[in-house]
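Asker: We have chain V; now place chains X and S onto it with these hints.
Each chain, letter by letter, is given below.
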Amino acid sequence: MKRASRPLAIYALAAYLFLHLPLLILAAFSFNESRFTVWQGFSFRWYTAAWHDSQLIEAAINSLIVAVCATAISTVIGTLCAYGLWKRRSPVLSGSLYLSLVTPEIVTGVSLLAFYQWIFRFLNVQLGMHTVILAHVSFSIAYVVIVVMARLRTVDGALEEAALDLGANEWEAFRYVTLPAVLPAVAAAALLAFTVSFDDYVITSMVAGVDSETLPMVVYAIARRGVNPVVNAISALLVLGFGVLILISERLRTT
Amino acid sequence: MESVLELRDISKHYPTHRAVNGVTLNIARGEFFSLLGPSGCGKTTTLRLIAGFEEPTSGEIRLNGAAIQHLKPYERNVSTVFQNYALFPHLTVQQNIEFGLRRKGENEIGRRVREVLELVQLGGKEARRPTEISGGERQRVALARSLVLAPDVLLLDEPLSALDPNLRKQVRAELKNIQRRVGITFLFVTHDQEEALSLSDRLGVMHAGILEQVGTPEEVYLRPSTRFVASFLGAVNWINDVGVRPEVTRVTKLAPDRHVRSHPATVLHSTFLGNCVHIETRLDDGQLAVAEVSRAEASFAPGERVHLWWQPADELSFK
Amino acid sequence: MKRLRAWFLAPSWTVMLSLFLFPMLIILAYSLLTRGTYGGISLPWSVESYQRFADPIYLGILWRSFWIAGASTVISLLLGFPLALFISRAGKWKNLYLSLVILPFWTSFLVRTYAWMFLLRDTGLVNSTLQKMGIIHDPLPLLYNDGAVILGLVYGYLPFMVLPLFGTLEKLDRNLLEAAADLGARPWATLLRVVLPLSAPGIRAGVILVFIPCLGAYLTPDLLGGGKSVMIGNLIQNQFTTARDWPFGSAISLALMAIVMPLLIAFVRRDEEGLL
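Residue numbers (the working numbering), protein chains in the order written: chain V, 113 to 367; chain X, 1216 to 1534; chain S, 155 to 430.
Only chain V is shown next, with the shape it has when bound in the complex (with noise of 0.2 Å):
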């Protein structure tokens, strides 16, 4: 076969196109001192406003502080799954973690709703940072343990076998062998639940507290409304964000 042909390099560009150039526009607009879609000159000026919403930058703060929790604990969880996998197969836990990759979001959100309620029959607890919390870590352990598990499986099993031999203990031997190996696909493992779990709305919109909005409820209670030229802010901002924290991820993953 020879190299991709001409029509379909060409297709291949108008696809690419297809795919950045929606995001890149609403990039570009957000520096428009218009609000309509209509160039009227470079500013900062929807930047400086979505600054100084005390909303936006209040879900902004809950939602850094839930997608942190929720990726260290994730990651912690599922690393240490990811391991007790690797040679030890459990198909039911294998398969309620791909179950909950596929799960329409709304369906897990209202279940976690659902549960919630109910447990707070027994509790004096209610709907807050804490319930959210740990719905992210419910649905982004999986991607720890997918990430993690596709770097162990090129480690060598021989490597842990070493370290009991050499007098290394079976935590000794995860600690100082195996973990230093994953480590990169760990980081990367977290760079991932951190995207996941800061841009998630329909699952979050669900569990959230009145104290706990975040900011992708703030926006799309906005864009539900109609465009707003702020919306268009803080998207630019978020595509910037998640872009490099991806690429920083997935550098990590393949080195």
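Some chain V residues near chain S, calculated using beta-carbon distances under 8 Å:
1) Leu224
2) Ala226
3) Val249
Computed footprint of chain V on chain X; a stretch qualifies when at least three of its residues, placed anywhere within it, have a C-beta under 8 Å from a C-beta of chain V:
4) 1280 to 1291
5) 1309 to 1319
6) 1360 to 1369
Here are the simulated distance ranges between beta carbons:
7) Gln167(V) / Arg398(S): 23 to 31 Å
8) Asp292(S) / Gln167(V): 35 to 43 Å
9) His132(V) / Gly194(S): 45 to 53 Å
10) Arg200(V) / Asp209(S): 46 to 54 Å
11) His164(V) / Asp292(S): 36 to 44 Å
12) Lys325(S) / Arg363(V): 20 to 28 Å
13) Glu1389(X) / Lys199(V): 32 to 40 Å
Note that these hints are calculated values from the structure, not bench results.
Each residue gets a CB set at the ideal place from its N, CA and C atoms; glycine is no exception.
Answerer: Chains X and S in isolation, oriented as in the chain V frame:
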């Protein structure tokens, strides 16, 4: 002789097959012992049972007189040199060698690492990573990493097989030399009979999970106890149910005298091998036999009628 | 060794059991209860919520969801296949081209959906450009219809189609393609008779991976369909919020899971490498 390691009727059975079947073996302190056999014969499984990576289905493993078969790998004072060395890729040579000492909380780590590095001639490579040194050097790091712990028995799982053939003979000599100097018991697993014969004080030949014979290289080569051992250790001509090695098989045109055993044959062809010549013949009953003779004796034409003969003492016979 | 591994699995077991499997069981229980007077749930047990599926309104929503998800999947396949083919033959640029597909996928889904609102609305870039060029006089109704929803879903899940397709196309034996060309097959014939059948596993995986999230979509129909294009996801959300009919919402959720599960099992069975 004092035994450092004893295997008492150990077996390892898997759902589908029996990897090791009733192996009993005593290894003396300071001995260089080889387990020899084809792949899948159970020799590596035996090694893994001793190291503690697998638990035997039945039987007892004793180290210095104490049963160890239920102990974890890190609770046994044995150490393994892995086939592909299993060096820790994220650690330097120095850190690889220190690893075991640190886990065991030993003293004088610096001095002991220096000594072992000198022993395996790796001075100056301390700061390198395993990917930055040659295959032969990696093998020596693996060796040093285990030797530094002064194990009661050092287990070596085909440690030469990952090396290229030119290097193998040289490393073989170094290995023997190091073993003599440190005096540690070596249990060496290999499928290469030349390695086993040249390195070992004693060796055991395994086949299908069973230890078929144990003895010195001379005993095992010259007086194999089974047909399998005889043919695994070298070529054998099977003449009237009697085994004769090619190097003691002689060829003459005239019938030899009555003091030797002989058999008529027809020459098929000769193969020149430099230091000797292989005469391939067909016996009258249809079997093939090879005689390894010196160049001077090797003037036979294909189709020529000859007599093969040998000394009765050179016959391999089995109970 | 075994004991340590069991301990390592304990936290994930706990999370998956308590925050995923158990909530599903609760939904199952709720779906078999009756709606309370002020919302919530109450006894007696009943299968009434499931019987309500027969209502033409809900059958219509179900049908619409299947139609939209199916159309989005087919379009993704048609758009994704040539792109995957291109990437698989891109030689040393392969990884870069692949990253360019993955990158927008990990960018905020919400922002990517919003970007289409920005482009498609009446005063959006598409309409204003067309008007300026004098091609149209009044803005076209590009947003808030099924077409916009399908566009949003294709845009959102195209990478899910491209990745598995690329996986199989990359493994395709080049010798086989050369052999086909050698035997006189023209490029199109090679594509139809050799490449397409051999990439069936990738097509199957891609179709499943795109169809599942499209069928359960909530965000895209809500933002780009503008409430006109109600899909199963919106119906569920509505039952748990405005309508406050939890038993019915639970029953629909389970019905959706009943469609998703066999598709997932079909995917996992075919997935030789195994992600987990």
